[in-house]
Every structure is written in structure tokens, then in C-alpha cells.
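Colleague: Going down the list, the protein sequences come from chains L and A.
Per the numbering used here: the first sequence = residues 1 to 110.
Per the numbering used here: the second sequence = residues 1 to 612.
The hints are simulated quantities; they were obtained by calculation from the structure and are not laboratory data.
No experiment lies behind these values; they were computed from the predicted model shown.
Just so you know, not all the hints are guaranteed correct.
Said to hold, decoys possible - Each computed DSBU-like pair below joins lysine-lysine, with the alpha-carbon atoms no more than 35 Å apart:
| id | chain 1 | residue 1 | chain 2 | residue 2 |
| --- | --- | --- | --- | --- |
| 1 | L | K43 | A | K135 |
| 2 | A | K197 | L | K69 |
| 3 | L | K69 | A | K496 |
| 4 | L | K69 | L | K43 |
| 5 | A | K393 | L | K69 |
| 6 | A | K298 | A | K496 |
| 7 | A | K124 | A | K195 |
| 8 | A | K124 | A | K135 |
| 9 | A | K298 | A | K478 |
| 10 | A | K135 | L | K69 |
| 11 | A | K387 | A | K124 |
| 12 | A | K531 | L | K69 |
| 13 | A | K363 | A | K195 |
| 14 | L | K69 | A | K108 |
| 15 | A | K195 | L | K69 |
| 16 | A | K572 | A | K592 |
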Amino acid sequence: MTNSANNNPAKTAKPETVDERYLLRLYVAGQTPKSIEAFANLKRICEQHLEGQYHIEVIDLMVNPTLAKDDQILALPTLVRRIPEPMTKIIGDLSDTESVLVGLDIRPMT
Amino acid sequence: MTTDQRDKSKIKEKKKPIPRDVNKDAITARSQKSKPSPEILLKSPTGIKGMDEITGGGLPAGRPTLICGGTGCGKTLLAMEFLVRGATQFNEPGVFMSFEENLEELTKNFASLGFDLNALGASKQLTLDYVHIDKSEIEETGEYDLEGLFIRLGYAIDTIGAKRVVLDTIEALFSGLDNESILRAELGRLFRFLKHKGVTAIITGEQGERSLTRYGLEEYVADCVIFLNHNVNQQIATRRLRIVKYRGTAHGTNEYPFLIDEQGFSVMPISSLGLDHPAASERVSSGIPRLDAMLGSKGYYRGSSILVSGTAGTGKSSMSAYFVDAACRRGERCLYFAFEESQNQIIRNMRSIGIDLGQWVDKGLLRFQNSRPTLYGLEMHLVAMHKAIESFKPAIVVIDPISNLVTAASEAEVKSMLSRLIDYLKTEQITAFCTDLTTTGSSVERTEVGISSLMDTWLLLQTLEGSGERNRGLYILKSRGMEHSNQVREFLLSDKGIHLRDVYTGSGGVLTGSARIAQEARDMTEALEHKQETERKQREIERKKTLIEAQIAALYAQLEAEKDDLELINAKETQRDEALVQRSRDIARNRKADAYLSKQDSNEKIGKRSRK
Numbered sequence: 001m002t003n004s005a006n007n008n009p010a011k012t013a014k015p016e017t018v019d020e021r022y023l024l025r026l027y028v029a030g031q032t033p034k035s036i037e038a039f040a041n042l043k044r045i046c047e048q049h050l051e052g053q054y055h056i057e058v059i060d061l062m063v064n065p066t067l068a069k070d071d072q073i074l075a076l077p078t079l080v081r082r083i084p085e086p087m088t089k090i091i092g093d094l095s096d097t098e099s100v101l102v103g104l105d106i107r108p109m110t
Numbered sequence: 001m002t003t004d005q006r007d008k009s010k011i012k013e014k015k016k017p018i019p020r021d022v023n024k025d026a027i028t029a030r031s032q033k034s035k036p037s038p039e040i041l042l043k044s045p046t047g048i049k050g051m052d053e054i055t056g057g058g059l060p061a062g063r064p065t066l067i068c069g070g071t072g073c074g075k076t077l078l079a080m081e082f083l084v085r086g087a088t089q090f091n092e093p094g095v096f097m098s099f100e101e102n103l104e105e106l107t108k109n110f111a112s113l114g115f116d117l118n119a120l121g122a123s124k125q126l127t128l129d130y131v132h133i134d135k136s137e138i139e140e141t142g143e144y145d146l147e148g149l150f151i152r153l154g155y156a157i158d159t160i161g162a163k164r165v166v167l168d169t170i171e172a173l174f175s176g177l178d179n180e181s182i183l184r185a186e187l188g189r190l191f192r193f194l195k196h197k198g199v200t201a202i203i204t205g206e207q208g209e210r211s212l213t214r215y216g217l218e219e220y221v222a223d224c225v226i227f228l229n230h231n232v233n234q235q236i237a238t239r240r241l242r243i244v245k246y247r248g249t250a251h252g253t254n255e256y257p258f259l260i261d262e263q264g265f266s267v268m269p270i271s272s273l274g275l276d277h278p279a280a281s282e283r284v285s286s287g288i289p290r291l292d293a294m295l296g297s298k299g300y301y302r303g304s305s306i307l308v309s310g311t312a313g314t315g316k317s318s319m320s321a322y323f324v325d326a327a328c329r330r331g332e333r334c335l336y337f338a339f340e341e342s343q344n345q346i347i348r349n350m351r352s353i354g355i356d357l358g359q360w361v362d363k364g365l366l367r368f369q370n371s372r373p374t375l376y377g378l379e380m381h382l383v384a385m386h387k388a389i390e391s392f393k394p395a396i397v398v399i400d401p402i403s404n405l406v407t408a409a410s411e412a413e414v415k416s417m418l419s420r421l422i423d424y425l426k427t428e429q430i431t432a433f434c435t436d437l438t439t440t441g442s443s444v445e446r447t448e449v450g451i452s453s454l455m456d457t458w459l460l461l462q463t464l465e466g467s468g469e470r471n472r473g474l475y476i477l478k479s480r481g482m483e484h485s486n487q488v489r490e491f492l493l494s495d496k497g498i499h500l501r502d503v504y505t506g507s508g509g510v511l512t513g514s515a516r517i518a519q520e521a522r523d524m525t526e527a528l529e530h531k532q533e534t535e536r537k538q539r540e541i542e543r544k545k546t547l548i549e550a551q552i553a554a555l556y557a558q559l560e561a562e563k564d565d566l567e568l569i570n571a572k573e574t575q576r577d578e579a580l581v582q583r584s585r586d587i588a589r590n591r592k593a594d595a596y597l598s599k600q601d602s603n604e605k606i607g608k609r610s611r612k
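Modelling step: build the complete structure from the supplied sequences, incorporating the hints.
Modeller: Structure below.
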């Protein structure tokens with residue numbers, strides 16, 4: 001039940017390359033403006049800074065409500081970096097690119 | 001005092017300590033008047049002892065209730081017990097969302113109180129959810145909401161069909177998340193969500209410095225706010241509970257003490273008792289026949305309150321032991337609250353006056369509850385006593401001594417506590433036997449805690465000092481509703497038990513002890529002497545009588561003798577007269593005198609005269 005790609009094909013995130021150094025999960029609750037914005041922001045940041053090194057899973061808690069408990073999700077949207085360890089959480093619509101990069105511990109590639 | 005008078009005076013006494021009840025009545029009246037809609041506020045019973053009484057049936061059903069208070073005051077426990085009792089007693093499943101303790105800790109903590117959370121979880125009666133928030137793990141970027149929490153909660157509620165929800169404590173969100181404006185908006189939404197779900201919710205909150213809760217949770221919960229307090233006064237901690245508000249219903253407004261023990265939470269609505277307890281006319285023996293005789297020859301009233309006051313060592317405990325012993329003999333159950341001595345010590349000491357209390361303990365008729373007054377606060381004592389009385393269901397309760405409770409609180413508090421306890425005991429028709437240690441020097445007709453007015457029968461044991469001795473005297477100061485002796489009795493304690501003796505009230509004043517014995521001996525000597533004296537006098541008179549009689553006899557004898565003499569003389573005289581006559585006749589005859597006849601006549605006359 002980790003990959004919700006089949007359940008929600010609209011938000012499928014395909015692996016860019018085989019080298020998945022970053023495994024990211026985005027928890028949302030339905031297609032709210034906030035979750036759509038968060039997904040767009042995340043995708044933009046990843047493409048800019050982690051090209052070919054990431055994999056994004058989008059989990060809709062409306063579909064899988066038990067995951068909210070299992071993964072300790074409180075606020076939505078929440079982005080969880082599962083790999084690399086340690087796990088970090090970023091909550092919000094990810095509009096602040098700087099703090100997302102800090103949260104994911106990514107050196108900006110500019 | 002007639003019954004009416006007594007009742008009136010009691011009402012006066014009782015009204016003082018519980019003036020808040022008047023307010024409560026007023027609230028009831030107002031709320032009843034201003035209730036326009038026929039809809040009645042539904043309540044969700046807590047099942048917690050005493051809690052439903054003071055809330056008038058439980059927490060508002062389908063609405064959130066805020067429980068606030070300082071650290072360690074029992075918020076989590078109250079909330080959890082609400083869920084567990086709801087699940088086990090009222091068939092209302094519950095969700096416990098913990099923001100502080102993880103599931104393992106919770107399960108362990110409540111196992112010690114006898115709540116098996118795992119079993120309840122397995123039977124789908126209870127869902128535990130631990131919400132872990134660690135600020136260091138979370139980065140905030142932009143707008144968010146707490147929909148995740150709502151989903152979790154909603155899912156948990158829906159899966160088991162929960163009717164009760166606890167959020168303990170939601171304030172943890174404030175320390176875990178930075179954006180307070182989002183949090184506040186979401187909290188408002190959360191409470192609406194809970195109401196929409198129709199669950200009865202408890203939200204706990206830590207006490208703030210100026211407000212009820214640190215983050216002002218009370219703004220969101222408008223229906224019911226309960227405040228828990230853990231006060232330490234003179235090193236003694238007391239837990240108290242107060243309903244700050246409860247919209248749309250009457251409720252007790254006092255601070256109610258509560259107890260947390262191995263059976264969980266219990267609140268004591270002890271001040272809400274009225275003065276409508278029954279009055280039995282059945283009598284119970286005091287165990288001392290002569291004391292029964294003093295009390296209208298029948299003993300105390302069942303369900304009455306008896307106070308024995310006296311200075312140290314006057315035999316108060318011995319009197320209570322006698323009372324207990326007599327009750328156990330009748331097969332009644334007794335509960336003995338001892339605040340000074342241990343159970344074994346009491347049993348040993350009472351054996352020395354010939355009473356074996358141990359046998360009653362073995363038979364389960366007697367239970368001791370020994371504790372130091374300073375062990376915990378007064379209210380806790382009261383709660384503990386209530387619990388013990390309710391579980392043991394005794395016919396007689398002994399409190400030995402009540403005066404010692406003063407060490408745990410002020411006099412006024414003790415008085416209010418005892419009046420509540422005695423009211424309770426009277427309602428339950430339990431005879432209360434209290435001892436009270438009066439300090440030497442103070443007025444005897446004054447008890448340490450000033451509760452004599454609450455008592456129906458008041459015995460005073462007093463030491464009567466004199467001639468280098470202290471002896472015990474027993475008075476009945478009052479005994480409502482029965483004839484009683486007005487006399488002091490000497491109270492003797494020996495290895496054969498308690499004996500009451502009449503004191504010496506003779507010419508030498510009131511005497512007791514050896515003075516009495518000495519006086520009695522003196523009296524006896526005096527009486528003996530008196531008797532001897534009388535006897536002696538009697539004997540003397542007897543002797544005199546004999547003497548006089550003897551004298552009389554002698555005089556008679558003398559008289560007789562004199563009479564004899566007289567007769568002899570008379571006889572002689574007659575003889576001499578006759579002889580004289582004979583001789584003169586002979587002479588005349590001899591002379592042949594012619595005057596013989598006339599002479600004979602005159603001689604005969606002479607003879608007659610002398611004979612006379």
C-alpha cells in the first residue's frame with residue numbers, strides 16, 4: 001500500500017532515471033487546490049535540483065486513511081523524504097523553495 | 001428538646017458550611033424557567049463514581065468538554081476512564097488520541113489501574129492513536145491544514161463506531177507547529193468536526209498562568225469546562241474537581257475532592273447531602289450494661305452519632321472497643337477508623353481489658369482502617385472513608401479520634417468534613433461512634449473540632465483528681481430523644497473490663513477511687529460504732545432495769561417483813577390485851593367487885609381501839 005499510483009493515475013510520478021537517490025512521498029487529501037499546488041511545486045523543485053535522482057509517490061489519504069496513522073501524518077500536504085535517512089517531513093504547499101531545499105537537505109544546483 | 005426543635009437547630013447548623021447549595025438551587029430554578037425549547041440536553045454518563053451526580057447525569061452528549069488543570073492532576077486518567085467505562089458499561093466505543101504518551105506507555109500506565117487497553121482494543125471497543133509531533137523533524141513551507149488529523153480521527157471513529165473521543169492533549173500541536181493562526185483556525189474546525197460527528201469528546205488542556213489553559217482552548221469549548229486542581233496545603237496534597245461551566249444544565253458548583261486509587265477515579269459529591277435522613281427508633285447497646293441503664297436503659301439509637309470526649313487516657317478507645325464488641329456479638333459489621341494506633345496495637349490493648357477484637361476481624365465482621373491523619377488531605381480521608389464504608393457496608397463506624405484530623409487541616413475544614421461524613425452516615429443509617437481528645441485545661445464542654453452540636457449523644461470522660469489520684473468519671477452531657485441519667489459514674493477499667501460505679505456522694509462531697517473506698521470504710525466504721533453505742537446503751541438500760549427491779553423486789557421483801565412484824569405486834573398486842581382483860585377479870589373475880597360488868601365493857605372498848 002505504499003504506492004498509490006494505480007489508485008490515482010492523475011498524479012502518477014514516474015521515475016526519471018534508474019538512480020533513485022531520493023524517495024519522496026507526498027501525502028494529500030483529495031485534489032484540493034493546496035495539494036495540486038504542492039505537487040506542482042514539488043515537481044518543479046525536483047526537476048530543477050534532483051533531475052534523475054528522485055522518485056515521488058503521491059498518497060491520497062482520502063483513499064487510504066489508515067496510512068495517516070501509520071505514517072504519523074497530521075498536517076496536509078506533507079512531504080516525507082524516506083530516502084536518504086533520516087526521514088524528514090515538510091509540511092505546507094511547498095511554495096517556499098528555499099525551505100523545501102533545506103528540509104530535503106539538497107544543495108541548490110544553480 | 002423536642003424533635004422539632006432539634007431539627008430546626010440542626011438545619012441552622014448545617015446551612016452554614018454549604019451555602020453554595022443555595023446557589024445551586026437557584027441555578028436549577030433559573031435553568032428550568034429559561035428553558036424554552038422542549039429539547040433536553042442529552043448527557044453521556046461517565047460511569048465514574050460521583051461524577052455523574054455532580055454533573056447531573058454526565059458530560060454533554062455529542063459535544064466537546066474541556067478538562068483542564070495543572071501537571072499531574074489526573075486529566076488523562078479522567079479522560080481515559082470516561083472512555084473505558086463508556087466502552088465497558090454503556091456500550092459506547094471510544095477513540096483515544098494521545099499527543100503526549102505513546103501507546104506502550106499508555107497501556108502500561110492504565111494496566112496498573114486495572115484497565116486492559118489491549119483487550120478493549122482487540123474487541124474494537126477502544127482505539128488508541130498516538131500522534132507524534134517532533135518539531136525538529138518538521139519543516140514548514142507555506143500553507144497547510146490539519147486534514148491529516150481529521151482523516152485519522154474520522155477513520156478511527158468510523159471503524160469502531162465510536163461515540164466518545166478523547167484528545168490528550170491537543171496543545172501539543174502548539175509546541176510542534178509554528179503557524180498559530182493556522183492552528184487556531186484548524187482547532188475551530190476540529191471542534192465543529194467533532195460536533196458534526198456527534199461524538200462526546202474530552203479535550204484536555206494544561207493550566208495556564210492566567211487562563212484556564214495555556215493556549216486558550218476554552219475559547220473553542222463552550223459547553224462544558226471541568227477544572228482539576230491539585231493543591232498542597234501544609235505539605236498535604238488534595239485533588240479537587242470543579243465544574244467551571246456546563247451550559248444548559250444545573251450542576252454542582254463546589255470544589256469536589258476526588259481520589260485516584262487502584263480502582264481509578266472517584267469524585268465525592270459530599271457536600272450536596274441534605275438533612276432528610278431517616279431516624280430509627282431502634283436502640284443499640286453500648287456494650288456496657290450500666291451505661292445502657294444510664295441511657296434510658298436501652299442504649300444508643302441506631303443511626304445516631306455518638307461522641308465520647310475526654311482527656312488523654314480516660315478510656316475513650318476502650319469504650320469504642322466495647323461498643324464494637326457488642327455489635328459484633330450481634331453479628332453486625334463494624335468499620336474502625338483508627339488515626340492513632342495500628343490494628344495490632346488496638347487488638348492487643350483491648351485484650352488487656354478482656355476484649356478480643358481479633359476474633360471479629362477473623363470472622364470478617366470487623367475491619368480496621370488505620371492511617372495517619374497527615375498521610376493525605378482531609379478530603380482524601382473523607383473520600384477514602386466513603387469508599388471503605390460503601391464497600392464494607394458496616395452497621396457501625398468508629399472514628400478514633402476525630403480530633404487528630406485537625407493535624408491535617410484547619411478546625412473549620414474538619415468540622416465541615418465531619419458534618420458531611422455524619423450526614424452521610426445518618427443517611428445510610430450507620431451508627432457513628434467518634435472519640436475526641438480534649439486537651440487538659442480547656443473547657444470540658446468544648447470539643448477540639450467543635451462538632452458537638454452534630455452529635456446526638458455526647459458522653460464525657462473526665463479525670464477526677466483528688467488525694468493524689470486520677471480517677472475516671474463518666475457523664476452524659478446530652479442524649480437527644482431519650483431519658484438519661486444526670487449523674488456522674490465512676491468509670492473503672494480492669495482486666496475484667498469496664499465497670500461503672502456510683503460515685504460517693506455523701507457528706508464528704510463527691511469522691512472517687514481510693515478516696516471513695518476510704519470514705520466508704522470510714523462510713524462503715526462510723527456505722528459500726530454507732531451500732532455498738534446503741535447496743536451498749538440498750539444493755540445499760542437493761543442492766544438498770546434489772547437493778548431497779550431487784551431493788552423493788554428487796555423493798556417489797558422489806559415491806560413484807562415489816563408487815564409480818566406488824567402482824568406479830570398486833571397479835572402480841574391482842575394477846576396482851578386479852579391477857580390484860582383476863583387478868584382484870586381474874587382480879588375482879590377475885591375481889592368480887594360489883595363494878596365488874598361496867599369495867600368489862602370499857603375494857604372491851606380499849607381492845608377494839610388498839611386493834612384498829
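Colleague: Hints first: check each against the structure and report whether it holds.
Modeller: These are the hints, each one checked on the structure:
no. : hint              : in the structure
1   : L:K43 <-> A:K135  : holds (25 Å)
2   : A:K197 <-> L:K69  : holds (19 Å)
3   : L:K69 <-> A:K496  : violated (74 Å)
4   : L:K69 <-> L:K43   : holds (26 Å)
5   : A:K393 <-> L:K69  : violated (48 Å)
6   : A:K298 <-> A:K496 : holds (22 Å)
7   : A:K124 <-> A:K195 : holds (22 Å)
8   : A:K124 <-> A:K135 : holds (32 Å)
9   : A:K298 <-> A:K478 : holds (15 Å)
10  : A:K135 <-> L:K69  : holds (18 Å)
11  : A:K387 <-> A:K124 : holds (32 Å)
12  : A:K531 <-> L:K69  : violated (108 Å)
13  : A:K363 <-> A:K195 : violated (55 Å)
14  : L:K69 <-> A:K108  : holds (21 Å)
15  : A:K195 <-> L:K69  : holds (22 Å)
16  : A:K572 <-> A:K592 : holds (29 Å)
In summary, the numbered hints that this structure violates are 3, 5, 12 and 13.
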